[in-house]
Amino acid sequence: MSTNNNNITQEELERIERYLNDTMPDEQRNQFKDQLNTDYEFRLLVDDVKVMLLGIESASLKNNLEQFHDEMVPVKTLDQQTTSETAARLKKTRIKMIKFMAAAAVIIFVGSFWLESRSNSTDRLFAKHFSPDPGLPTTMGENENFEFYDAMVNYKQGDYPTAISKWQPLLSSEQKNDTLHYFIGVAHLANGNEKEAINYLQKLTDNDSDSFQEETAYYLGLAYLKADNVEDAKKYLTFSGTESAQQLLSELND
Amino acid sequence: MRETKQIENQLRVVTAIKANDNMVLKQLYQDNYKKVEVFILKNNGSMPQAKDTYQEAFIAMYQNIKANKFTPTNETALQGYLYQIAKNKWTDFLRSSRYKKTSQMADGFLIKDEDTSMIEFDISEEEYSPQNLAMEAFNHLGNECKKLLEVFYFQKKTLREIAAVFDIGEASARNKKYRCIQKLRNLVSPN
Numbered sequence: 054m055s056t057n058n059n060n061i062t063q064e065e066l067e068r069i070e071r072y073l074n075d076t077m078p079d080e081q082r083n084q085f086k087d088q089l090n091t092d093y094e095f096r097l098l099v100d101d102v103k104v105m106l107l108g109i110e111s112a113s114l115k116n117n118l119e120q121f122h123d124e125m126v127p128v129k130t131l132d133q134q135t136t137s138e139t140a141a142r143l144k145k146t147r148i149k150m151i152k153f154m155a156a157a158a159v160i161i162f163v164g165s166f167w168l169e170s171r172s173n174s175t176d177r178l179f180a181k182h183f184s185p186d187p188g189l190p191t192t193m194g195e196n197e198n199f200e201f202y203d204a205m206v207n208y209k210q211g212d213y214p215t216a217i218s219k220w221q222p223l224l225s226s227e228q229k230n231d232t233l234h235y236f237i238g239v240a241h242l243a244n245g246n247e248k249e250a251i252n253y254l255q256k257l258t259d260n261d262s263d264s265f266q267e268e269t270a271y272y273l274g275l276a277y278l279k280a281d282n283v284e285d286a287k288k289y290l291t292f293s294g295t296e297s298a299q300q301l302l303s304e305l306n307d
Numbered sequence: 568m569r570e571t572k573q574i575e576n577q578l579r580v581v582t583a584i585k586a587n588d589n590m591v592l593k594q595l596y597q598d599n600y601k602k603v604e605v606f607i608l609k610n611n612g613s614m615p616q617a618k619d620t621y622q623e624a625f626i627a628m629y630q631n632i633k634a635n636k637f638t639p640t641n642e643t644a645l646q647g648y649l650y651q652i653a654k655n656k657w658t659d660f661l662r663s664s665r666y667k668k669t670s671q672m673a674d675g676f677l678i679k680d681e682d683t684s685m686i687e688f689d690i691s692e693e694e695y696s697p698q699n700l701a702m703e704a705f706n707h708l709g710n711e712c713k714k715l716l717e718v719f720y721f722q723k724k725t726l727r728e729i730a731a732v733f734d735i736g737e738a739s740a741r742n743k744k745y746r747c748i749q750k751l752r753n754l755v756s757p758n
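So the protein lines, in turn, are chains A and B. So the first sequence is residues 54 to 307, counted in the working numbering. So the second sequence is residues 568 to 758, counted in the working numbering.
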C-alpha cells in the first residue's frame, strides 16, 4: 500500500477528501488535477488515501452485513405461516392418497404372485441384483485423462451410451485399459446390452492384473444370467465370492 | 425503450450503492442470498460457509462498484454479477489445497448449478489487496475511532451532525478524525 511513508497533514487530508467527495470549487479542482498530473508522489498519496477510505467503508459495510443477515429471518416465519396452511390441505389429500395406495397395494400384491409364476426368472433375478458400479471420483481440474473422467461424469448421470461412445476411442491409446474395459462392460450391462458387456468383461478374466477382479466376475455372472446362460453365470459368481454374488447364487440354486 | 428503463433502474441501484445507501444495500443483500445458499449447499458446503462466502462476495462486489469496475449491461446484471462472484469464490475454495487436505471426497463431485446463463466477468481475486489490508487495520482501531470514521466516511454525515452526535465541537471532530486516520495509516504501514 503506502510505499512512500510521508506523514500527511490534516490540511492535506481534508483537501484530498474534498476532491474525492466532489465538494471542491471548480478552480481548486482544476489545480488539484494539474498537481495530480505533474507530481507523481502526490498522486501516490492520493491513491493511498483513496484505498484507505475504501477500506474504511468496506469494513463498515462488513460490520452491517451480520445485521442484514439476521433480519432475513422474518422471511422464514412468513414461509412457515403459509406452510402450515398448506400442511392442513396436504393432510386431507394425504389421507385420500393412503386409501388409494392401500387399495393399489392389495392389487399389486395379489397380482405379483400371479406375475411371478409367469415372468422369466433369470430376468427377475438380474433386475433384483444388478446395480451399476458407482464409478470413480471425478475431481475437477483433472488434467490427465480428461476424456476418461469426462465420460465418467456421463456414466454417473446414467447416460451410458454417451459414456461408452467417449470411452471407446480411448481403448487403443490408453494404458488404463483394464479400467476402461471394466467400465465399458458395466455401462453396456446397465444399458441393457449384456452381450456387449460379456465381450468387454470377459477380456479381463484372462489377465491377473485386473484390480476389479471380484467385481468383474460378479458383473460377468450377472451378464450371463441376463443372457440366460445360468451355467456360466454360476461359474463366475462362485469365482467372485462377494456377498452379493453369494446371495445371488443361493437364490439361483433355489 | 423498455430495456433502457431497466438499465436505468440498475444504474440507480449502482449510484445508491456508491452513496452507501443502507436500505438499498440491505435489499440487495437479502434478495440475492438464497440463490447463493442453494448453490453452495448443493456443492458440499454448509450454511455457515454459505453465509461467509456470500458476505465476502458482497464486499467484493461493493468494492468493484466503488472503483467503477462494473457497468450494468442488462436489467439483472448486478444480481448476476454478485452470484457469479460468490460462485467463483466457492469453486476456488473447493479447488484449493486447503480444502482437498481436509476432506475425503467420497464420490467425485460435479458442480451442480441450475442457472446455466453464465455471464463472463473479469473478476480478479486479490486476497491481499490494499483494501483488505486497510479493512483489517480498521478493525484493530479502538471503538471510538471506528465509530467516528464510520460516521464520517460510510454514513457520510455532515460535520455539524457528527459534532452533535458526539457532543464535541466541529473543530474537535475534525481533529479526532485526523488522528484516527493517522493511527490507521500507521497500522497499515508502520514507520
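Wrong hints could be hidden among the right ones.
[Unchecked claim] Not the full set, but computed from the structure, chain A residues with beta-carbon under 8 Å of chain B:
hint	residue
1	Gln63
2	Ile69
3	Tyr72
4	Leu73
5	Met77
6	Ile109
7	Ser111
8	Ala112
9	Ser113
10	His122
11	Lys219
12	Pro222
13	Leu224
14	Leu302
15	Leu305
[What the hints assert, rightly or not] No more than 27 Å apart at the CA atoms, straight line, and that leaves these computed lysine-lysine pairs for BS3-like:
hint	chain 1	residue 1	chain 2	residue 2
16	A	Lys86	B	Lys636
17	B	Lys601	A	Lys103
18	B	Lys667	A	Lys103
19	B	Lys667	B	Lys656
20	B	Lys572	A	Lys209
21	A	Lys115	B	Lys572
22	A	Lys115	B	Lys636
23	A	Lys144	B	Lys743
The set of hints was computed from the structure by calculation and includes no laboratory data. This one's a predicted model, so the numbers in the text were calculated from it and none came from an experiment. Positions of the beta carbon are idealized from the N, C-alpha and C atoms, including for glycine.
So, Ile109 (chain A) near chain B? Judge it on the closest CB pair being under 8 Å.
-> holds (5 Å)
Quick one, are Lys115 (chain A) and Lys636 (chain B) close enough, alpha carbons at most 27 Å?
-> holds (20 Å)
Classify the hint on Met77 (chain A) as holds or violated, based on whether any CB of chain B lies nearer than 8 Å to its CB.
-> violated (16 Å)
Hint check: 8 Å Cβ-Cβ cutoff, Leu302 (chain A) to chain B | Since the shortest Cβ distance to chain B is 28 Å, the answer is violated.
Can we keep the Tyr72 (chain A) interface hint, with Cβ of chain B closer than 8 Å?
-> violated (15 Å)
Under 8 Å, Cβ to Cβ, is where Ile69 (chain A) needs to be relative to chain B, so tell me if that hint holds or is violated.
-> violated (11 Å)
Under the criterion that the straight-line Cα-Cα distance not exceed 27 Å, is the pair Lys115 (chain A), Lys572 (chain B) satisfied?
-> violated (31 Å)
Given Ala112 (chain A) was flagged as interface, is its beta-carbon under 8 Å from a beta-carbon of chain B?
-> Hint holds; Ala112 (chain A) Cβ to chain B Cβ min 4 Å, cut 8 Å.
Return the status of the interface hint for Gln63 (chain A): holds when the least beta-carbon distance to chain B is below 8 Å, violated otherwise.
-> holds (4 Å)
Restraint status (C-alpha distance of Lys144 (chain A) to Lys743 (chain B) at most 27 Å) | violated (65 Å)
Under the criterion that the straight-line Cα-Cα distance not exceed 27 Å, is the pair Lys667 (chain B), Lys103 (chain A) satisfied?
-> violated (38 Å)
Evaluation of the interface hint that places Leu305 (chain A) against chain B, nearest CB under 8 Å = violated (30 Å)
Checked against the numbered hints above, the structure violates hints 2, 3, 4, 5, 11, 12, 13, 14, 15, 17, 18, 20, 21 and 23; every other hint is satisfied.
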